[in-house]
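Put the two chains together into one complex; each comes in its own frame, and the hints tell you how they fit.
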Amino acid sequence: MSNGLDLEQRYRRVLRLLPGYYRRAWEQDMVAAFLEGSLTGDPDEDEWVLEFSKPPWREVASVAGLAVRLYLGGSAAPRRYFAWGQAVRRAVLALTMLQAVRGLEVLLLTAWSRRLFSWLPVPPVRLAAGTPAGIFPPAVWWLVAYAWIVSFVALAFGRYYRTAQVIAALAIVPDLVWLLQGDFTRAFRGPSLGPWAFWVLLNLAPVLAMTAFRRDTPPAARWPWLLALAAAYLLVAVPLTALQTTGHSAWVPDTAGLYCVLAALACLAHVPRAWSRQAAGPGVWSLTLTLLAAEAGAYRVLSLTDYLHDPHQVQVSLAELLILVLAVTLVVPDAIRAQAATHAPPRPHAGYPR
Amino acid sequence: MTGQAFFVLTALADAPRHGYGIVREVADLSHGRVKLKIGSLYGVLDRLAAEELIEPDREEAHDGRLRRYYRLTRDGRRALAEEAELRAATARVVRSRLGLSGAEAAG
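Those sequence lines, one after another, are chains A and B. With my numbering, letter number 37 in the first sequence gets 37, and the count goes up by one each step, no holes. Heads up: take any position in the second sequence, counting from 1, add 1000, and you land on my numbering.
Just chain B, with the same shape it has in the complex (with noise of 0.2 Å):
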């Protein structure tokens, strides 16, 4: 999995979200360090929508624009589960190797 399509997923973990909203809410998580441009974004959407890990929400009104939101399908839940698991599993090693406690390795 990409680191856009973890972040992507992630952002919509705890709720649908709308385009713009995944946008600002992946920049958010990242400490501002992803900026998802919108062709960027589409192009994640698109491949994760086609795996089936997402889908359409709903839709409302919004200053006269239709927003389209999206939400994690079941198998997008897991598969992200699955993902967190395994960067865990990998900080968790690097920061032993590095000598690093937990404390030291958040601050």
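For reference, chain A alone in the conformation it holds in the complex (with noise of 0.2 Å):
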């Protein structure tokens, strides 16, 4: 089956992948070079190749990867593609974050309950840090949970940008487990997504985009980030105990909400700089957030599933969604100019033929 296409043809349509900048460069060398390891030099077989065969799989997948290094572009990329590339890097940087504060929870509530902190009372029972029921013992959750901070630091370092890829890889595997397991088991009441978009949308995402962390990507600003840590445990996770601490918790939200309410307040806090004439940087905070809030946002919808069956919980969650969306329209407009195109054009290569 052809479909009248011939070889080339579909190659240049896998090239279609590619940015048109890069397309405009190498194109016409990468058909060439494509088609010169395809054919054989026997016309006949030539024939029936060019006529018949496909590109193969691999070829497709280089291309394809290709294609993610360039639209999340380093520092030599076209503006665009290097904006929508910081945008990717600092939203990992920020979910592998909030995860990060989660290990550090865990790590200071179980040195709390082990007593290491002599000076302060016993804490209450309902704090201990609880782990899934499964097949797994709670030393693989404690480790998960420190893992993302390492994951975290080692990014937030500028270097070891894959062996932070690999561990966080290997934190958000007990978590698929313990999803198909329950599953299998019909743990999960009814048709309850929430817990399978938490591990696609907050695990597995990041862990995919990590990807964009490369040797030719400008480091993240290493102390800022670690500050951030700092500060999101003392502003977030602090408080958040203290009300399940005094028997508040129902003023704590769920975890979509929690996402929700830190995507929108982080809008808010940033729209004086967005909508600031004099502000420097093309934006890229502004499209940073704006993935932030629909990575939050669409966890809220998808997890609403588990509250059919409480329409209290459903108009709270709502409620967040409606902030969240107002929160990330006042910041839409400047992470539309980050990434618009712009006449900036690619930086030349040296003797870069065009």
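Careful, some of the hints might be misleading.
For the chain A half of the interface with chain B, some residues (derived, Cβ under 8 Å), not all of them [said to hold, decoys possible]:
1) Q28
2) D29
3) E36
4) G37
5) S62
6) L66
7) R69
8) A76
9) D216
As a list, the in silico SDA-like pairs of lysine to any residue whose alpha-carbon atoms are at most 20 Å apart [to be verified]:
10) K54/A / G37/A
11) K1035/B / T1010/B
12) K1035/B / G65/A
13) K1037/B / G1003/B
14) K1037/B / F1007/B
15) K1035/B / F1007/B
16) K1035/B / E1025/B
17) K54/A / D44/A
18) K1037/B / Q28/A
19) K1035/B / G37/A
20) K1035/B / V31/A
21) K1035/B / P56/A
22) K1037/B / R1024/B
23) K54/A / R12/A
24) K1037/B / T211/A
25) K54/A / E8/A
26) K1037/B / W57/A
27) K1037/B / R10/A
28) K1037/B / A25/A
29) K1035/B / L35/A
30) K54/A / S38/A
31) K1037/B / R12/A
32) K54/A / T40/A
33) K1035/B / A64/A
34) K1037/B / L35/A
35) K54/A / G41/A
36) K54/A / K1037/B
37) K1037/B / Q9/A
38) K1037/B / E8/A
39) K54/A / E27/A
40) K1037/B / T1002/B
Honestly, the hints are just simulated from the structure, not real lab data. Built from N, CA and C at the ideal position, the CB exists for glycine as well.
The structure is reproduced here in structure tokens:
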């Protein structure tokens, strides 16, 4: 089945995955190299190859990998792709940081419950760092929590990117096993998408997006991110723990709600900068916050299925969603400016053929 | 320097080569262990061109298509020499720690 296309046309279709500026520079060359590697020199065989064969999946995968690298550009990429790359990298750092905050919480609660802070009273039983039931012992869940701290620090230090990715990839495996086990044993009541949404959006997506960290990308601002971890622990985890300790658990939002509230607060805090004409930079933070808000919003919507039996919780969730949408709307114009195509051309390489 | 970039620069060390010529040369140099896919090759070429380690040499018509040849720049030659020295020094340390002589290691 040739579908009216020959091998060259099929390969050119694959190359459409690449950004336009890159295709203009390299497409002819790539097509020539690909066809040379595909043809044998035997006219009969080559005729058959040209008419019927398709680009091998490994070639397609290599083009897809190149496309991801180009769209999430490094320092030498055109401004639009650099902005996207930076926004994704910052969003990954923010999500990994929130996981690391949870890791810090587990670490400190465990230390507290083991009376390592002798000057503190005995912690309430309900604060003990609980772990999900299942095939894994509690030690595995503690390791998972600590692994996120290691992964975040590795990313923030601007090195060891692949180490950070591998550690995070290992850290999300127990959750996947727990989810599969829950599905098999029908532990989740009704059409509960929340746990899966959390795993896909807030575990798997950041791990995959860590690919955007490369040697040609600018390193993160190390100390501000590490300070942000400490600040997030003090400003988010500690107040939530205090609410639970003092018997005000009803005020503690669920995880999706917490992500919505945090994303909304971050957008509101960024509004003065996003609206300032003097603000330096092309609005990459606005783009980052828009991505984070999209993640939080998607998680909130999907996790609504957990509350179909609870109209009050559905109303609360919709209110959280509304607040998030209103807040993100304030920074979206700046985000659009950041990623809109600009007249800044790709940096011309030395002797780069055009 | 990544392994792929090292092989691509090495493939261009003795003569300018076009895209598929580099793929073939890298396969030969690595005894078939490194088979560059086209997407990977052009990712590497793009990076090396951005770092000004390679540059276009010439274009030639072949079977109705233009083949674009690339060559090392002076910086590329220097970077390759430094990387080769680094790798050779590492290999010497490995051989020494394993108690291998040069002949045994080669064999």
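Problem - Which numbered hints fail - result: none
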